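Residue numbers (my numbering), protein chains in the order written: chain R, 34 to 955; chain Z, 306 to 374; chain A, 6 to 66.
If you are wondering where the hints come from, they were derived from the structure by calculation, not from laboratory data.
Please read all numbers here as calculations on a predicted model, not as lab measurements.
Hints may be right or wrong, so weigh each one.
Said to hold, decoys possible - Straight-line Cα separation of at most 27 Å, DSSO-like style, residue types lysine-lysine; simulated pairs:
id: 1; chain 1: R; residue 1: K286; chain 2: R; residue 2: K199
id: 2; chain 1: R; residue 1: K380; chain 2: A; residue 2: K10
id: 3; chain 1: R; residue 1: K808; chain 2: R; residue 2: K264
id: 4; chain 1: A; residue 1: K44; chain 2: R; residue 2: K832
id: 5; chain 1: R; residue 1: K264; chain 2: A; residue 2: K57
id: 6; chain 1: A; residue 1: K57; chain 2: R; residue 2: K266
id: 7; chain 1: R; residue 1: K106; chain 2: R; residue 2: K69
id: 8; chain 1: R; residue 1: K99; chain 2: R; residue 2: K73
id: 9; chain 1: R; residue 1: K817; chain 2: R; residue 2: K832
id: 10; chain 1: R; residue 1: K59; chain 2: A; residue 2: K44
id: 11; chain 1: A; residue 1: K57; chain 2: R; residue 2: K260
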Amino acid sequence: MADIAGDEGDFTVKVVTHPRYVDTSKCIACGACTPKCPAKVSNDYNEGLDKRKAIYVRYAQAVPLKYGIDPAKCIKLTKGKCGNCEKQCPTGAVNYEDTETTRDIQVGSVIISAGFKPFDPSAYVQYSYSKYKNVVTALEMERILAASGPWMGHLVRPSDEKEPKKIAWLQCVGSRDVNTCDHPYCSSVCCMYAIKEAAIAKEHSHSGLDAAIFFMDMRTFGKDFEKYYEKAKTSGVRFIRSRIHTITEQPDKSLMIEYATEDGQAKTEVFDMVVLSHGLEVAKSSIELANKLGIELKSTQFVKTTSFAPVSSNRPGVYVCGALAGPKDIPLSVVEASAAACAAAGKLSSARGTLAQTKEVPQAVDVRGEVPKVGVFVCSCGINIASMVDVKAVVDYAKTLPFVEFVENNLFSCSQDTQDKMAQTIKEKGLNRVVVAACTPRTHEPLFQETLQAAGLNKYLFDMANIRNQDSWVHAAEPEKATEKAKDLVRMAVAKVALLQPLNEVKLSVNPAAMVIGGGVAGMNAALELAGQGFTTHLVERDAQLGGNARLLRITAQGEEVQPYLDGLAKKVMDNPLITTHLATSLKDVEGFVGNFKTTLAGPAGETVVEHGGAIIAIGGQEYQPSEYMYGQDPRVMTHLQIDAAMMNGELDAKKVNSAVFIQCVGSREPERPYCSKVCCTHSVESALHLKEHNPDCQVVIIYRDMRTFAERELLYKEARAKGVLFVRYDVNQKPVVKKDGDKLTVTVRDHILGRDLLIDADLVGLASAIVSHKNTELAQMFKVPLDEDGWFLEAHQKLRPVDFATDGVFMAGLAHYPKPLEEAVAQALAAVSRAVTVLSSAEMSLSGTVAFIDQRKCVGCGVCWTVCPYQAITQDDKGLAVVNEALCKGCGTCVASCRSGAPNLRGFTTQDVMAQIEAML
Amino acid sequence: MSENAEFSPRIAAFLCNWCSYGAADLAGVSRLQYPPNIQVIRIPCTGRMSPKFILAAFRKGVDGVWVSG
Amino acid sequence: MAAGKKVTGAVMVVGGGIAGMQAALDLANSGYYVYMVEKGPAIGGVMSQLDKTFPTNDCAM
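Next comes chain R alone, as it looks inside the complex (with noise of 0.2 Å):
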């Protein structure tokens, strides 16, 4: 991306396309060319820990799986000898002559995802990262322990190649200001992957490896994250609070490290191996980037975004969205991904569907009945085929099968025009059941059944039979048996194709409304921009007033104040015609699926029944009420919450607090409620800045377990301590006390420093409470969707898939999924926004035809397959026995599987079908 002009709704953006002298059209991924190619080159997909060559592809999974040329390192291109790849090329795809090209591209709204870069340690002598061989990367760590690495998954050092024994990671490298050439931000990720790479190190080594993370803090602080902490200390990873002063190599080149522990011991540790735990940055060409198109940094160098508006730079119609716009992990960059999609599409919906295409498919000739006539078309793959199978045996072959009509070998079944001439074929001669046997059908089937499609076939009459990926490529050394494992699998594939019969793929229209439950900042962001893209919007709130938690709420982490952005909020949610708000009201009951939902609703004016096709649960959770530190006994000592509210309307003057103590994980990361709430260590700071900026004099103490002010926060933290704030740490088997002396309020917390007591007068005691989720079984239960064992809603995939249920048409947004800041709630609610417009954005939606039935005459509903069902797809009908709801079904068969009278099926893959297969096998 060279420039853009232009302004939101309406962009021109200058893109330049690097030549890749591959001509990706006709490239077919063969990889003839590498093997060929005698330039090597540092390959920096492995982080330059092996070799690659000129001509390549990234990684064997890359998308687009196509080659192309690395013209600094290409022999041909940089001295203009060699060519050996092009020679090798069977299609002709090798195009040395290729240039760059330029081209203006017209779009209505940019999204800028250009992510980080991994800090790079090697030129700072400090961490010897340049200087030793076994000081790596967690980068390096990541592919030593991958199967797709340089030494395929086995745990080794790059020294000597030998499984080490001792593995050490060291944290915030290039992050928290460690040293002074260091970013002041703390990356977010870097504890966890550190203790994910710890555990994944010990599954790989033979030897019982020992793995020690020396920290500052361990910061676990998302879902899940805090048992996988314990999970690991249980499995004897050694953490170690520490700070790292030296380290040497051995004449073993095992690694010398010297560091003080937090009571002030100088120790040493021997590890054959070190990771630095490096953090994330922005990279330069992203700054140049953001500089020309005029975005906005912070110091930081990450991109200036609000807490209101998380994913939009100050450039309207420009958004951002992952690591660009702050170190964070994957499933945060996921939901701020959906939520930069919302923003983007928001602008633009009057435009929506004029220049996406939808193909037009023919209407299918009705073959049930026929007999089944066969045409296989074996393809040659260039050699990659060919070279191995006797490719005319093959055909010669499936001639003699039976209810085969047709056979013929292509050169590339692929290409564009044996496409072509294989629907002519299919017309021609009457073909009503096709087979190819060729790559793999995770790559080509949906191209065949394109061309099914346009000879007028349904796509489901087809098999494909694996002669590439699972044949020949496996078995170079034995062309013989390839050969005949080839016939074998065409003859399998022919048996399953005869018995296939014309799949319909269900189309069911989709109510464009939906509904959002809960009233907070997470459901009203996500209501307003439902109704922003033009969708009829039904708000439900349990209380008499909109603004949930945030009503208690002072100021966010950026030190926006929160509730002046609330009640406007608020205004726009009740003034917008296309939100119908719903108060001090409650779901009763919830009927039909995706597209079709009918919800009761129950209210101060009685029920009504409303009708949507999506919903976003957005219930927020709530403030746990501690029992312990004297709270509800003495006024002065309040939760967070309490404290903003005071400071809010003015019961608590600032100025007249002398001595804070403020006392973190209260109710959070103990044995009922083992994860971190993740907000109140940031909330304790503002809370101390607030305090120290109306009485600089003021002692305010925070004593904690693990700071955990993550990602720029923890310049909050640090800006703390620079004004005075004290910072101690508590042990959980040694909590502190407070005590009330007379009117006197006295906190006692050993120092661990100081080794001793330290007894604080407070007149302030400041309770950072955990978030409680509302274990709302009720409502899960209603749209079939789970909870997990701490009462948050669970997500269809914690990484992937982070707003979305397993259950289509409903998604999630808020505090119901688990603690967060209000910047990641707003995120949240316009990432659930996104998704569910995709599906209510379609005016039906065409279901896969690979569906389950029953057969009623066999079926005596005993119960087991709607018990087994994972998607809670098979319900009973009025007779007592099982129905598919094609909806729901995901058609993985499992119902088939589980029945004893054998009435289910699979559409596709029926038991008859794997029989047939069986049958034909040997």
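We have chain R already, so just place chains Z and A on it with the hints.
Just chains Z and A now, with coordinates in the frame of chain R:
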């Protein structure tokens, strides 16, 4: 089978489309070599795997059945 | 947006890592044409280099 011929088991593999079948493809991309006496049947999920398939494969004469997913 | 102003129903996503891919997919599935710009030869970003991911230790690929 004669006494001294080396036993070469015939194996039926039922692989889940989403993981193990993909892994078998990847073995090809990586050119990992293995003996050809294994036949793969792709299933949509190991949940689809029925004990009947295992019995049918043994009845057909295979020496081993591998279910992976 | 002011009425009558030209609005283009396409979005450009700059960067093909996990965030860029998710944004592009959501937009394409909601009726917008998406242009993805990636400086490398393949999409996937840094996540493609990770071995396994927390909490299930699933393969990152």
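Are the Cα atoms of A/K44 and R/K832 separated by 27 Å or less?
Holds, at about 24 Å.
Given the proposed pairing of R/K380 with A/K10, does the C-alpha separation stay at or below 27 Å?
holds (12 Å)
Would you mind confirming whether the straight-line C-alpha gap from A/K57 to R/K260 stays at or under 27 Å?
With a Cα-Cα distance of about 18 Å, the restraint between A/K57 and R/K260 holds, given a limit of 27 Å.
CA of R/K264 to CA of A/K57, is that 27 Å or under?
holds (17 Å)
Are R/K99 and R/K73 close enough, with their CA atoms no more than 27 Å apart?
Roughly 19 Å between the alpha carbons, so the hint for R/K99 and R/K73 holds.
Take the C-alpha atoms of R/K106 and R/K69, compute the straight-line distance between them, and say whether it is at most 27 Å.
Given that 27 Å is the threshold and the Cα spacing comes to 14 Å, the pair holds.
For the pair we were handed, R/K817 and R/K832, check the Cα-Cα distance against 27 Å.
holds (21 Å)
Need the status of pair R/K808, R/K264: alpha-carbon distance at most 27 Å?
holds (24 Å)
Does R/K286 pair with R/K199 here, judged by a C-alpha cut-off of 27 Å?
holds (13 Å)
Take the C-alpha atoms of A/K57 and R/K266, compute the straight-line distance between them, and say whether it is at most 27 Å.
holds (19 Å)
Hint consistency between R/K59 and A/K44 [alpha-carbon to alpha-carbon, up to 27 Å]:
The hint holds at about 21 Å.
When each numbered hint is compared with the structure, no violation occurs for any of them.
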